[in-house]
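K.L.:
The primary structure of each chain is shown beneath.
There are 2 protein chains.
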Amino acid sequence: MPTTHAVIMAGGSGTRFWPASRKKRPKQFLPLADGTSLLEASVRRLAGICSPDRIWIVTNPVQARALPKVMPDFPREQILVEPEARDTAPCVALATAAIAAKDHDATMILLPADHLITPVDAFTVMLQRAVAIASDDKTLVTFGVVPDHPSTAYGYIECGERLDAAQPEAKKALRFREKPDLATAEHFVRSGDFLWNSGIFVWSVPAIRAAMAHGNPELGAAASAMLTAMQQNKKSAVTRAFRRAPKTSIDYAVMEKAQHVAVVRANVRWDDVGSFPALTAVGQTDAARNTSVLRGGARSVACESEGNIVYAEGKRTVALFGVKDLVVVAVGDAVMVCPKARAGDLKVLVSRIEHEGLHDLL
Amino acid sequence: MPTTHAVIMAGGSGTRFWPASRKKRPKQFLPLADGTSLLEASVRRLAGICSPDRIWIVTNPVQARALPKVMPDFPREQILVEPEARDTAPCVALATAAIAAKDHDATMILLPADHLITPVDAFTVMLQRAVAIASDDKTLVTFGVVPDHPSTAYGYIECGERLDAAQPEAKKALRFREKPDLATAEHFVRSGDFLWNSGIFVWSVPAIRAAMAHGNPELGAAASAMLTAMQQNKKSAVTRAFRRAPKTSIDYAVMEKAQHVAVVRANVRWDDVGSFPALTAVGQTDAARNTSVLRGGARSVACESEGNIVYAEGKRTVALFGVKDLVVVAVGDAVMVCPKARAGDLKVLVSRIEHEGLHDLL
Numbered sequence: 001m002p003t004t005h006a007v008i009m010a011g012g013s014g015t016r017f018w019p020a021s022r023k024k025r026p027k028q029f030l031p032l033a034d035g036t037s038l039l040e041a042s043v044r045r046l047a048g049i050c051s052p053d054r055i056w057i058v059t060n061p062v063q064a065r066a067l068p069k070v071m072p073d074f075p076r077e078q079i080l081v082e083p084e085a086r087d088t089a090p091c092v093a094l095a096t097a098a099i100a101a102k103d104h105d106a107t108m109i110l111l112p113a114d115h116l117i118t119p120v121d122a123f124t125v126m127l128q129r130a131v132a133i134a135s136d137d138k139t140l141v142t143f144g145v146v147p148d149h150p151s152t153a154y155g156y157i158e159c160g161e162r163l164d165a166a167q168p169e170a171k172k173a174l175r176f177r178e179k180p181d182l183a184t185a186e187h188f189v190r191s192g193d194f195l196w197n198s199g200i201f202v203w204s205v206p207a208i209r210a211a212m213a214h215g216n217p218e219l220g221a222a223a224s225a226m227l228t229a230m231q232q233n234k235k236s237a238v239t240r241a242f243r244r245a246p247k248t249s250i251d252y253a254v255m256e257k258a259q260h261v262a263v264v265r266a267n268v269r270w271d272d273v274g275s276f277p278a279l280t281a282v283g284q285t286d287a288a289r290n291t292s293v294l295r296g297g298a299r300s301v302a303c304e305s306e307g308n309i310v311y312a313e314g315k316r317t318v319a320l321f322g323v324k325d326l327v328v329v330a331v332g333d334a335v336m337v338c339p340k341a342r343a344g345d346l347k348v349l350v351s352r353i354e355h356e357g358l359h360d361l362l
Numbered sequence: 001m002p003t004t005h006a007v008i009m010a011g012g013s014g015t016r017f018w019p020a021s022r023k024k025r026p027k028q029f030l031p032l033a034d035g036t037s038l039l040e041a042s043v044r045r046l047a048g049i050c051s052p053d054r055i056w057i058v059t060n061p062v063q064a065r066a067l068p069k070v071m072p073d074f075p076r077e078q079i080l081v082e083p084e085a086r087d088t089a090p091c092v093a094l095a096t097a098a099i100a101a102k103d104h105d106a107t108m109i110l111l112p113a114d115h116l117i118t119p120v121d122a123f124t125v126m127l128q129r130a131v132a133i134a135s136d137d138k139t140l141v142t143f144g145v146v147p148d149h150p151s152t153a154y155g156y157i158e159c160g161e162r163l164d165a166a167q168p169e170a171k172k173a174l175r176f177r178e179k180p181d182l183a184t185a186e187h188f189v190r191s192g193d194f195l196w197n198s199g200i201f202v203w204s205v206p207a208i209r210a211a212m213a214h215g216n217p218e219l220g221a222a223a224s225a226m227l228t229a230m231q232q233n234k235k236s237a238v239t240r241a242f243r244r245a246p247k248t249s250i251d252y253a254v255m256e257k258a259q260h261v262a263v264v265r266a267n268v269r270w271d272d273v274g275s276f277p278a279l280t281a282v283g284q285t286d287a288a289r290n291t292s293v294l295r296g297g298a299r300s301v302a303c304e305s306e307g308n309i310v311y312a313e314g315k316r317t318v319a320l321f322g323v324k325d326l327v328v329v330a331v332g333d334a335v336m337v338c339p340k341a342r343a344g345d346l347k348v349l350v351s352r353i354e355h356e357g358l359h360d361l362l
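Taken in order, these protein sequences are the chains called X and D. For the first sequence, my numbering gives the first residue as 1, with consecutive numbering after it. For the second sequence, my numbering gives the first residue as 1, with consecutive numbering after it.
Isolated chain X (complex conformation) (with noise of 0.2 angstroms):
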């Protein structure tokens, strides 16, 4: 029986919940999990199917630093570094590699570390059916969630016939579509047949070396590159093979062009905590719908005011009064308001900052 690695992809940056995130301190660090980060429930949540030893975390130079800090007891040899941002292919390169030294057959598992899903239980179950049907060592297996509206910010799978007439929740999987025009997503959402692609993934090592070297067979050469360098223990050559490997995303480089891939409709609970306004799901809401989100100490007041989120951090207290649908952030030595209905666009007001010189805030 194979053994089953998890790899936690966490080298996003999150400028959408600036200035509670930032450069060191990136979306998946922030305490939205009830109090604990986003990428440590990621890993609590992977207990039930991965030893400790067997789960690993990619991410960048910097926050690789910050990691430790972050988390102090997870072990720094799991922690894979990419040498500079390229996209997911080349990252799932890496991941590969390092599983595939230690266990040539492994299945693995893939998953963003700033998604919110709950309950535990169910998730454990979604994984261990996926990673049932990845034995085959050929499917590459996607999760779907089911869609609640048209959103035009998250990709599609299209979902064909049932994989096993005994499964109805796995199917094979005909299509990604990248994040649709509204009109494209009310069609997807009307058919019934597309699920959002939640960017959970499981495969073999064997499924996933062969289904790169088919899609894009530069990315398989990088990856069987950097695989060969980690057996001899060459870390600049593993560097040189990841750099050498294409820019771009598993979705495209390897996923649309599969021969076997099957999607499992996610039976969880799943957010992918995107802009502020997600924090409904995370935070206190009154009977006035303002949500808040309050971390070491920190306190709100909300007087005839309505529909705001509040992050607020450290000994302070975020007064609201009069105010309707915003978002209010107090962290560190910043303070951020801008309306809900914007705050998905909020990168215009980090590269404004940028702009001004205002590196130290980033």
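Keep in mind the hints are simulated off the structure, nothing from the lab. Remember, it's a predicted structure, so these values are computed and weren't measured experimentally. One thing to keep in mind: the hints can contain errors.
[Said to hold, decoys possible] Quick list of the computed label-pair ranges, beta carbon to beta carbon:
{"no.": "1", "chain 1": "X", "residue 1": "V348", "chain 2": "D", "residue 2": "T152", "range": "34 to 44 angstroms"}
{"no.": "2", "chain 1": "X", "residue 1": "L174", "chain 2": "D", "residue 2": "G314", "range": "53 to 63 angstroms"}
{"no.": "3", "chain 1": "D", "residue 1": "D121", "chain 2": "X", "residue 2": "A287", "range": "34 to 44 angstroms"}
[To be verified] Covered stretches of chain X (in silico footprint by chain D; criterion: 3 or more residues with CB under 8 angstroms from a CB of chain D, positions within the stretch not fixed):
{"no.": "4", "region": "293 to 305"}
{"no.": "5", "region": "309 to 322"}
{"no.": "6", "region": "325 to 336"}
{"no.": "7", "region": "350 to 361"}
[As the list claims (entries may be wrong)] Derived pair list, reagent style PhoX-like, types lysine-lysine, alpha-carbon separation capped at 25 angstroms:
{"no.": "8", "chain 1": "X", "residue 1": "K324", "chain 2": "D", "residue 2": "K340"}
{"no.": "9", "chain 1": "X", "residue 1": "K69", "chain 2": "X", "residue 2": "K24"}
{"no.": "10", "chain 1": "X", "residue 1": "K347", "chain 2": "D", "residue 2": "K315"}
{"no.": "11", "chain 1": "D", "residue 1": "K172", "chain 2": "D", "residue 2": "K257"}
Every residue, glycine too, gets a C-beta built ideally from N, C-alpha and C.
Position chain D relative to chain X; hints supplied.
P.N.:
Only chain D this time, still in chain X's reference frame:
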């Protein structure tokens, strides 16, 4: 020639500047006058008309204790402490007694601590003119500000005929009108006969003592008792007399009933800095009408935002994104956000904070 004394009334709490203002740090302590406090600016503004040992501050016990920290150079023996809050009439009686104990025929200037008045030269000339009028030992002189809009936030003074054909700027004051409703305010402004009551007064000690005895004999008796107690250096007797004085305003108890009241037109720029939107007169305003008042290293960034007021102290940054006509305040342990249009009602928020038991924030 009688000496001239000035009394700065600094007992207000300024809840409309919360959280910049707190109980121990009222509005007049805020660095709103070119980085110095309104109170200190009020003292400095009198340099051309009073010697420092004739400038008095009347305040409450809490602020009297805080004052030496904010203005270490101000002589402590010039600080008069109101034993309790009893509106302005007992406060004037106390100040009158203190001055009369030194100079029984002195001229007194009475003025609020929390107004911005520029330029100083014109202000000095205006006061000198009033001091000359008050030298008849019977006229109580007020200052009227030409209204630029039908404000319902100020009291009005109805002007009669000129005191002296040669002095067009000094007229008889016919009536005092408290804060009117909008229709009345519009009528006042249209008529051209009404000026805003600036809350600044000039009179001689004999004139105000006589006017108190005439307008409110109980008040007059309390003032005389305070004077006797001071001459005998009996502090507890001063306190007892103060507590016996009627709890009423000087406008109601004295000014409205006095027979010789003059109003001098204030040829100065006058701002009572009533609430946060008044900071447009104090701060830096950008092309999108965002005004910021930043002290102690604070910074602000306004991106796609207009018409906002930011007040911040300390090493922190307030960033606005896509917001309009808000007040955002970040001082010490508190952040406050409200629409500019609600800034005048901030007492409601402060009451709520008190009601919720968050007394450390007040």
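K.L.:
It remains to establish, for every hint, whether it holds in the given structure.
P.N.:
These are the hints, each one checked on the structure:
1. X:V348 with D:T152: 34 to 44 angstroms: holds (40 angstroms)
2. X:L174 with D:G314: 53 to 63 angstroms: holds (57 angstroms)
3. D:D121 with X:A287: 34 to 44 angstroms: Violated, since D121 of chain D and A287 of chain X (Cβ atoms, about 56 angstroms apart) do not stay within the stated range.
4. 293 to 305: It holds, with 4 qualifying residues against the three required.
5. 309 to 322: Held - the region 309 to 322 of chain X has 9 residues with a Cβ nearer than 8 angstroms to chain D, which meets the minimum of three.
6. 325 to 336: holds (count 7)
7. 350 to 361: holds (count 5)
8. X:K324 with D:K340: At roughly 13 angstroms apart (the allowed maximum being 25 angstroms), K340 of chain D and K324 of chain X satisfy the hint.
9. X:K69 with X:K24: This hinted pair holds, its Cα atoms lying about 11 angstroms apart.
10. X:K347 with D:K315: holds (23 angstroms)
11. D:K172 with D:K257: Distance ~14 angstroms between K172 of chain D and K257 of chain D Cα, so the pair holds.
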